[in-house]
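Trainee: Quick note, the sequences are listed as chains A and B, same order.
Position one of the first sequence corresponds to residue 1 (my numbering), numbered consecutively onward.
Position one of the second sequence corresponds to residue 1001 (my numbering), numbered consecutively onward.
The hints are simulated quantities; they were obtained by calculation from the structure and are not laboratory data.
Where hints are given, some of them may not hold.
As the list claims (entries may be wrong) - Simulated crosslink set (BS3-like; lysine-lysine; CA at most 25 Å straight-line):
1) B:1028 <-> A:5
2) B:1072 <-> A:4
3) A:72 <-> B:1005
4) B:1159 <-> A:77
5) B:1133 <-> A:63
6) A:105 <-> A:159
7) B:1030 <-> B:1063
8) B:1077 <-> A:159
9) A:72 <-> A:136
10) A:63 <-> B:1123
11) A:48 <-> B:1072
12) B:1077 <-> A:28
As the list claims (entries may be wrong) - Covered, in the sense of this in silico footprint (three residues per stretch, anywhere, with C-beta under 8 Å from a C-beta of chain A), are these stretches of chain B:
13) 1135-1145
14) 1164-1172
15) 1180-1191
Even glycine gets a Cβ: it sits at the ideal position worked out from N, Cα and C.
Number of protein chains: 2
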Amino acid sequence: MYKKKPFIFWFEFASTYSFISAMVIEEKAKQYNIPIQWQPFLLGPIFKQQGWSTSPFNIYTAKGNYMWHDMKRLCQKYEIDYQKPTNFPRNGLLAARISCLLEGKAKIDFIKKIFQLNFEQDKDISDIEILGKAIKEIGYISEDIIDKAQTSSVKEILKNNTDQAIELGIFGAPTFTIGNELFWGQDRLGDAFDYYQKIDESSLSK
Amino acid sequence: MYKKKPFIFWFEFASTYSFISAMVIEEKAKQYNIPIQWQPFLLGPIFKQQGWSTSPFNIYTAKGNYMWHDMKRLCQKYEIDYQKPTNFPRNGLLAARISCLLEGKAKIDFIKKIFQLNFEQDKDISDIEILGKAIKEIGYISEDIIDKAQTSSVKEILKNNTDQAIELGIFGAPTFTIGNELFWGQDRLGDAFDYYQKIDESSLSK
């Protein structure tokens, strides 16, 4: 039995371009009929390994200025509601842990909600009350998930995701992977889908 | 009289992704019927301002590994002959100065030739003999251009290009600009062309 390796969308809640991908990936995936595995991880430890204590967009001014202009421009292009967050990068640790506990539609609804809070509504996504309210608004996720997300087993899941990202050679977000094949950046989503579609199923299961 | 601002392709001879753009931009530009201004500049001074003494692809290993894999993949996609250079980044200073002196077809032929020497034939593009041979092979460029390129007035042109790039907020190559609008990265060429096509001519000449 041969089975294609999953198409994994690696995202980080603080990442601007991850927000764009989260908003557009479902519609694009439908066109290609490709199932997506949404995978939260943390950029913090990866950036720390590179000697950065914050986002490179804060460290390298020209790059940061470009990114904020580009965000406005891309959100217009994709018709995504957007406002520049007054605090960047926001701490998405707890939200990422919660998303590790969720599956299916609940997971996607929660992830998109958190991204929208950060990049549409300029809310502090590390605030436990804001997270609680978001879960209430989604409606069908049990509110005790916030407590569950703070147990060591869940912390371990997110840590493993981040370790796996580093092992795969991921250095930024969003990144799309199929097996060991990496596509970095929201603008490479189409290339990643094309790759997934073209690969021979048998060649992938080796 | 209203006139559209030029579509400028900012490139650096050491830059891998600039090579890809140089190989594909003419055909794409023809589809859009957009004239291209090929503009050499130097990344060295820009990287130095950011505290880097070499390419960030050499400093940040995961990013570098990804880039080399991506180069192979993109060159296959675009059917560009490519081999990984044994020395990176190569010093394109003299070649950039020469290209400042050229115009029209001679300029484009020379630029593409240098990129191919670096990224297809693994040649040292800072070597004056290799540059001389390249000019001879192109056939219709006077060989004394190498001497002319080393005069202070030509050095000044390239320095001005780099200063202008910094002023525009350019931080990497390739970058495409239309007025103050920047598009960074070979994967954003289509966006840049779309932008150029859509803009109202009168709005640009303000």
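Trainee: Next, verify each hint and record whether it holds.
Mentor: These are the hints, each one checked on the structure:
Note on residue 1028 (chain B) and residue 5 (chain A): the hinted pairing is violated, with a Cα-Cα distance of about 34 Å set against a maximum of 25 Å. Note on residue 1072 (chain B) and residue 4 (chain A): the hinted pairing holds, with a Cα-Cα distance of about 23 Å set against a maximum of 25 Å. With a CA separation close to 22 Å, the supplied pair residue 72 (chain A) and residue 1005 (chain B) stays within the 25 Å bound. Between residue 1159 (chain B) and residue 77 (chain A), the direct Cα distance comes to roughly 35 Å. Violation of the 25 Å bound is thereby established for this hinted pair.
With a C-alpha separation of about 38 Å, the suggested pair residue 1133 (chain B) and residue 63 (chain A) falls outside the 25 Å cut-off, and the hint is violated. Straight-line distance between C-alpha atoms of residue 105 (chain A) and residue 159 (chain A) comes to about 23 Å, which keeps the hinted pair within the 25 Å bound. For the hint pairing residue 1030 (chain B) with residue 1063 (chain B), the CA-to-CA distance comes to about 33 Å; that exceeds 25 Å, so the pair is violated. Taking the CA atoms of residue 1077 (chain B) and residue 159 (chain A), the gap is about 35 Å. The hint is violated against a cut of 25 Å.
Distance hint between residue 72 (chain A) and residue 136 (chain A) is unfulfilled; the C-alpha atoms sit about 29 Å from each other, more than 25 Å. Between residue 63 (chain A) and residue 1123 (chain B) the alpha-carbon distance is near 31 Å, which puts this suggested pair outside the 25 Å criterion. With a C-alpha separation of about 29 Å, the suggested pairing of residue 48 (chain A) with residue 1072 (chain B) is violated against the 25 Å cut-off. Simply put, residue 1077 (chain B) and residue 28 (chain A) have alpha-carbon atoms about 21 Å apart, close enough for the 25 Å limit, and the pair holds.
Coverage of the segment 1135-1145 of chain B by chain A is violated [criterion: at least 3 residues with CB-CB distance below 8 Å; count 0]. Counting residues of the segment 1164-1172 of chain B whose beta carbon lies closer than 8 Å to any beta carbon of chain A gives 5, which reaches the threshold of three, so the coverage claim holds. A count of 6 residues in the segment 1180-1191 of chain B with a Cβ less than 8 Å from any Cβ of chain A is obtained; the coverage claim is therefore met, three being the minimum.
Checked against the numbered hints above, the structure breaks hints 1, 4, 5, 7, 8, 9, 10, 11, 13 and satisfies the rest.
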